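I would like the entire structure built from these sequences, with the hints used as guidance.
In order, the protein sequences belong to chains A and B.
Its first residue numbered 49, the first sequence is counted upward by one per residue in our numbering.
Its first residue numbered 1142, the second sequence is counted upward by one per residue in our numbering.
Hints were generated in silico from the structure; no laboratory data involved.
You may find that some hints are simply not true.
Distance condition first, Cα-Cα at most 30 Å in a straight line; then the derived DSSO-like pairs of lysine-lysine [to be verified]:
#1 A:K249 - B:K1288
#2 A:K381 - B:K1288
#3 A:K337 - A:K249
#4 A:K381 - B:K1379
#5 B:K1288 - B:K1379
Derived Cβ-Cβ restraints for the label pairs, each shown as a range [stated by the list, open to error]:
#6 B:R1326 - A:W204: 37 to 45 Å
#7 A:L210 - B:T1191: 15 to 23 Å
#8 A:G106 - B:Q1474: 36 to 44 Å
#9 B:P1490 - A:L208: 47 to 55 Å
Bear in mind that the values here come from a model prediction, so they are computed numbers and not experimental data.
Each residue gets a CB set at the ideal place from its N, CA and C atoms; glycine is no exception.
Okay, here's what each chain looks like letter by letter:
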Amino acid sequence: MSDVTLNAATANPEAAPRTAPVVSTGPVAWLRANLFSSWINTAVSLVLAYLLIRWTIGFIDWAFINAIWTVPVQGNIPQTQACRELEGAGACWAVIGEKHRFILFGTYPYEEHWRPLLVCALFIALYVVSAMRRFWSWVLIPIWIGTLTVIGVLMWGGILGLSYVPQERWGGLPITLILSTFGLAFAFPLAVLVALGRRSKLPAIKMLCVLYVELVRGVPLISLLFMASVMFPLFLPEGMNIDKLLRAQVAITLFAGAYLAEVVRAGLQTLPRGQYEAADALGLSYWYKTGFIILPQALRLVIPPLVNTFIGFFKDTSLVLIIGIFDLLTAGKTAIVEPAWQGFGIEVYVFVGAIYLVFCFAMSKYSQDLERDLNQHRSR
Amino acid sequence: MKALRLTLAAVMGGAAMLVAPVMAPMMAPAMAQAPAASGATLDAIRARGTLICGVNTGLAGFAQPDSQGVWRGFDVDYCRAVAVALWNDPNKVRYVPTTAQNRFTALQSGEVDMLARNTTWTLSRDTSLGFDFTGINFYDGQGFMVKTSAGVRTARDLNGATICVQPGTTTEQNLTDWARANRIRFTPVVIERLEEVVGAYVSGRCDAYTTDVSGLASTRSAQPRPADHMILPDVISKEPLGPAVRHGDQRFADLLRWIHFGLVGAEELGITAANVQQAAQTDARPDVQRMLGRSGELGQMLGVDNLWMVNIIRTLGNYGEMFERNLGPIGLQRGPNALWTNGGLQYAPPLR
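See below:
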């Protein structure tokens, strides 16, 4: 210690020893300012850091280091003893290796799995194209109709040399994507109309819209699905059946429509009255006024709640499990019914959760960018 | 004005919510009486060329899709047997997964032709729901599972125990009834989800776990060391499971009923998937000759090919083989489902 001071002094005899100035930029300064500014902040930071590190190490241990990736198969029966002996210390990813195709595509014929895979890819491509602003024109309409037709052909088959696959064999990710895409694609225009209708001066239209919104919002989605699946068929003449998926689809669309309508109405309410009056003063008709002045402003205001509702509905589609449709989550649950794989629920839920996360995070991220771009003039 | 509108809307929404669950049970029996000509369903199935079978959404051993998405299980094999009897092709079946809630509507509305879905035969289901049960292919009942180390040997030893049970179904009610009748005190631990209730039992939060014996067996077989757990011999409720069809489908019901009896009869006569072809040619016993279509016109009487039983047994095996293939791996013993000649309850009236 003393040596150091001595040497330093001899090296530069004229300068008095000074401590370095406190760094006020860079990561160290940031840490000091934000995490360790007082003793209480320091204590909280240390405790949280400890918990975070413990948990991360635990998760890495479970998910990677102690995990078992494959299990031997003896005469068609997988031998999962190795996994069971871990007793929860490590993940048994072998269940995903064995069951991922079932979780993703349900009971769709095994050798035809390329069809639902292609359908998922088409859906994602459709989302990406619709998200790009350079395609925001009438060309989107033929793109959507074309893609959805191709998706229908791929799923059902029966033409072009594809074998026919009845609807009850569909399952997994395509079901989730179909229910949420069609649901929101039809619910959104419906919602705009209902929101406009609710502000209409015509009493009949207004009453009808209020009735629809309040009636649908007043019932849980699960009971609407029940009505669609359990009661509706009883009203039909015997022998006449409307497809189960279509019934669920209609219920989800109606439900999403009511919620989105209120979100859109909130946007309409926010617009200052002057906008309406200015449009009227220009002599625009109702539809011109709504289409060119009101809606473009109102909708960009409500992007966050709209996307919130979209994300909510994407996940709500998993409620169709109560009427026996194998969506992504239900297929995951069914995959672990088999005795050999019972008890590996966490692995399957992590897998399914990761898929949901990818879609929801993409939606959320995109909406943030959209919001920033569209609302630049009002950013503060 | 605004307040009034909101109240009105709230009242209407509330009314819809109240009406929906009240109306559902009222509607079901009323609509169930839809008339059906005695052969309508069978003719419709033939015209369609596939059988539509309502099965469980996933229950180990009874109905569950395997890793390739192919339905397997004991109930599923009954659907296959009908398709084999009609067209000698086990693949002409479309499976509609049904939940405990929508299974009855699915059958009533004609969405499915038959239910093979662990459905307990009860008086009210037979009458007011408008179904015909065509036999009992599995005698189930509620039982208890305990840890072998606990030293419990019969259910009466459970006095003062903590028992894990799932709410909602009749399981909880049966448990309470049984305890009251036998003056047994117990502490229930009621947990909704299967994985959690099993977890509570395994971790020692409960001394015993109760549900149907078939469910206990599959839970036990999924444990790391099944021998650590034992299923008590006491069965405290009757859950006779069987396929069901709509009221009025007599010809279709007859076919299902005699397929089940044929499967049981075949086991009794010792006819298996391996020896059925041989037996059809050489076995001289009159019962065998009739069953396998060498003499008499039994198939014709049911409206199917006279070789119906040969085809079914060749593809799926007899009752015992179906049981071993599907329910053996989940650790179920024959128990009450043994043949009557072995002290069980499975008894087939004569096929003649």
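I'd like to know which numbered hints this structure contradicts. Please list them from smallest to largest. 1, 6
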